[in-house]
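Visitor: These protein sequence lines map, in sequence, to chains A and B. Going by the numbering used here, the letters in the first sequence line up with residues 10 to 370, in that order. Going by the numbering used here, the letters in the second sequence line up with residues 25 to 315, in that order.
In short, the hints are calculated from the structure, not lab data. Ideal Cβ positions, reconstructed from N, Cα and C, are used throughout, including at glycine. Possibly wrong hints are sitting among the right ones.
Which chain B residues face chain A? A few, computed with CB under 8 Å, are given here [as the list claims (entries may be wrong)]:
id: 1; residue: ALA32
id: 2; residue: GLY212
id: 3; residue: ALA213
DEER-style ranges, computed between Cβ atoms [unchecked claim]:
id: 4; chain 1: B; residue 1: VAL216; chain 2: A; residue 2: TRP182; range: 47 to 53 Å
id: 5; chain 1: B; residue 1: ASN29; chain 2: A; residue 2: MET101; range: 46 to 52 Å
id: 6; chain 1: B; residue 1: VAL216; chain 2: A; residue 2: GLU80; range: 48 to 54 Å
id: 7; chain 1: B; residue 1: VAL39; chain 2: A; residue 2: ARG114; range: 56 to 62 Å
id: 8; chain 1: B; residue 1: THR247; chain 2: A; residue 2: GLU140; range: 55 to 61 Å
id: 9; chain 1: A; residue 1: GLU80; chain 2: B; residue 2: ALA121; range: 49 to 55 Å
id: 10; chain 1: A; residue 1: GLU140; chain 2: B; residue 2: LEU153; range: 42 to 48 Å
id: 11; chain 1: A; residue 1: ASP177; chain 2: B; residue 2: ASN29; range: 19 to 25 Å
id: 12; chain 1: B; residue 1: GLY118; chain 2: A; residue 2: ASN17; range: 44 to 50 Å
id: 13; chain 1: A; residue 1: GLU80; chain 2: B; residue 2: ARG308; range: 17 to 23 Å
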Amino acid sequence: MAEIRLENLGHSYDGGTTYALNPLNLTWKDGNAIALLGPSGCGKTTLLNIISGLITPSSGRVYFDGVDVTESDTARRNVAQVFQFPVLYDTMTVSQNLAFPLKNRGISKDEISKRIAEVAELLDLTKYLDERPLRLRSDLQQLVSLGRGLVRKDVPAILFDEPLTVIDQNFKWTLRGRLKELHRVTKHTLVYVTHDQTEALTFADEVVVLNEGSVVQSGSSADLFLQPEHEFVGFFIGSPGMNFLNASITNGLVVLNNQEIGSAKSFGGQNLDSGSVRIGVRPEFLTISNSNGLPVQIDRVENRGGYQLAHFELAGSKTIAKLSNETKVASGQSANLVFDQERTYLFRESQLCGRLVSKVS
Amino acid sequence: MKTRNNKAWFLVLPVILTVSFTAILPLMTVANYAVQDIFSPTDRLFIGMDWFYNITNDPLIFNAFKRSFSFSIQVLLIQIPLGIAIARIMPKSGWKASAALVMVAIPLIIPWNVIGTTWQIFARPDIGLGGYLINKFIDFNYTSDPLDGWILILLVDVWHWTPLVILLVYAGLRSIPPAYYQAAAIDGASQVAVFRFVELPKLKRVLMIAILLRFMDSFMIYTEPFVITGGGPGEATTFLSILLSNIAVGQFDIGRAGAFSLIYFLFIQILSFLFFTVLTLQERAEVTKAK
């Protein structure tokens, strides 16, 4: 259990021509569950392997509880890691598999059997302890892999590299719940790599969103959803993702479709400079009203059971509004669109720069 | 329910015909010889199983059998561990890996009697570079000392065939996903433990094939001793194959050679079959366990 601090950490696989991971600074509190979220090839596994010591970073330092471990190899860092698919020792039984990391570190027999019993109990593996892992279902195999990550008490962190990929969809929920429970009980620092937003958002205290080798935002699930600091976060998190509309700012007023729709305020409160801007608003924060608002023509309404999605075009962009079932809306109908005051943001060069404040208030 | 259609047998017919002419008929000819004492093409005598009794009680053949068998065991004991050791230290990627592979494969593509001739000259104490150099330190003369002859043939076989083991093991090692090595590093496993618990179990199948191939081939070794020592000095390197060809084309004792070939053939066949059966049974056991 440790606080993990990354300082100017970057990595290049080709000697500095291109960076798989651009230099970044992050600090993760001891005992937190952290998710590294991003599409394939965004550098999240590279980051994980740097923390576990399987890769030595091209630049920057890694600190565990303030101790520089950048040069230490994996065994000395003592971290635990669980891989994408079950990695097991075929010739050993489940209990021997679980004992292996402890045995290699010269821990006494009594202690080992005590730890195995505890972990098996926790993961519900007790009845399989004497089996060969090859005989087990793949989800149970992954549990054994997981168990090998959990047997050591003194690890600074447990790292997961998309550990639920091979698991059956139905069982995923169970396992995810069990992981969360584990975290609550053991208070280990967990780092969890995934490309599945649901997995990341439900699992982690802190979600780090990566794109093209850079951290675009790091924060709680609510932060990422309610106030994305980067267009990528708005688009990647949420289903459907955030709507983006091309607009411009003239003398502090936001102009969309040659129509002034409100004023642009930076987070300090002052007006933003004139120029082009992108309005970002989540489908959840768009409503339609029959009195006032921006007139739009609804193309198509999709009923999803619990809610309905209204598709329409606004300022040349396909836009979606997520409406409650009570809202009366039909395809082909015209409607008046209302932006949520608090949750309509302005982006410049993909970065959050301010929010839209309605002029009529 | 599978439908049965006996017409499918017709599709196998061409293969049966081809195999008949290339394997079964020649073998039956040998079987025919084996039950006769043949003095000349016109003068022959049916003697039933006499040759078989004769051969199984012949100390000459029994000694050759012991020689061949212990040669094969020694070949396995040297080539399998050596092959694994070399495959493990070979470069894993880049031009070095390609260069190493090509170098290792060279002995495999040289014609066998060329290998024999090369070594025969190379190891000669008078005009061979190797033989000359080694005689600076110890007495080594494969033409007069039975042990030296044996060692030379063993050495040539190791030089010639260890590459096969290396290539098989190398391919086996490359197919182990890197995650296994990473997991072992995270579990704090020593080099020995990595070999014992990660590599060896994954290499099992490949090693079984290597052992089977090397046993069969070394048990049938012919060209190298024929070219280098001619079965000598004395009878030191007279393996079963050398003895067989002496009887068949040296003494033209076709009947005895026929019976000898059949026993030789059956022995290899049975050993390979047993080996193969054990291997597949073990695998099947593992698969059913997995379910």
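Visitor: Hint by hint, note whether the structure agrees.
Guide: These are the hints, each one checked on the structure:
Checking ALA32 (chain B) against chain A by beta carbon gives a least distance of about 36 Å; that is not within 8 Å, so the hint is violated. For GLY212 (chain B), the shortest C-beta to C-beta distance to chain A is roughly 4 Å, which falls under 8 Å, so the interface hint holds. Satisfaction of the interface hint for ALA213 (chain B) is found here, the shortest Cβ-Cβ separation to chain A being roughly 6 Å, below the 8 Å cut-off. At roughly 41 Å, the beta-carbon separation of VAL216 (chain B) and TRP182 (chain A) lies outside the given 47 to 53 Å, and the hint is violated.
ASN29 (chain B) and MET101 (chain A) have their C-beta atoms about 47 Å apart, which keeps the hinted 46 to 52 Å range intact. About 25 Å separates the C-beta atoms of VAL216 (chain B) and GLU80 (chain A), a value inconsistent with the hinted range of 48 to 54 Å. Taken as a hint, the range 56 to 62 Å holds for the pair VAL39 (chain B) and ARG114 (chain A), whose Cβ atoms sit roughly 59 Å apart. A beta carbon spacing of about 50 Å between THR247 (chain B) and GLU140 (chain A) contradicts the range 55 to 61 Å that was offered as a hint.
Take GLU80 (chain A) and ALA121 (chain B): their Cβ atoms lie about 28 Å apart, and the range 49 to 55 Å is violated. At about 59 Å, the beta-carbon gap between GLU140 (chain A) and LEU153 (chain B) misses the expected band of 42 to 48 Å. Separated by about 39 Å at the C-beta atoms, ASP177 (chain A) and ASN29 (chain B) break the suggested range of 19 to 25 Å. Between GLY118 (chain B) and ASN17 (chain A) the beta carbons are some 30 Å apart, a value that contradicts the proposed interval 44 to 50 Å.
Separated by about 49 Å at the C-beta atoms, GLU80 (chain A) and ARG308 (chain B) break the suggested range of 17 to 23 Å.
Of the numbered hints given earlier, the model fails hints 1, 4, 6, 8, 9, 10, 11, 12, 13; all others are met.
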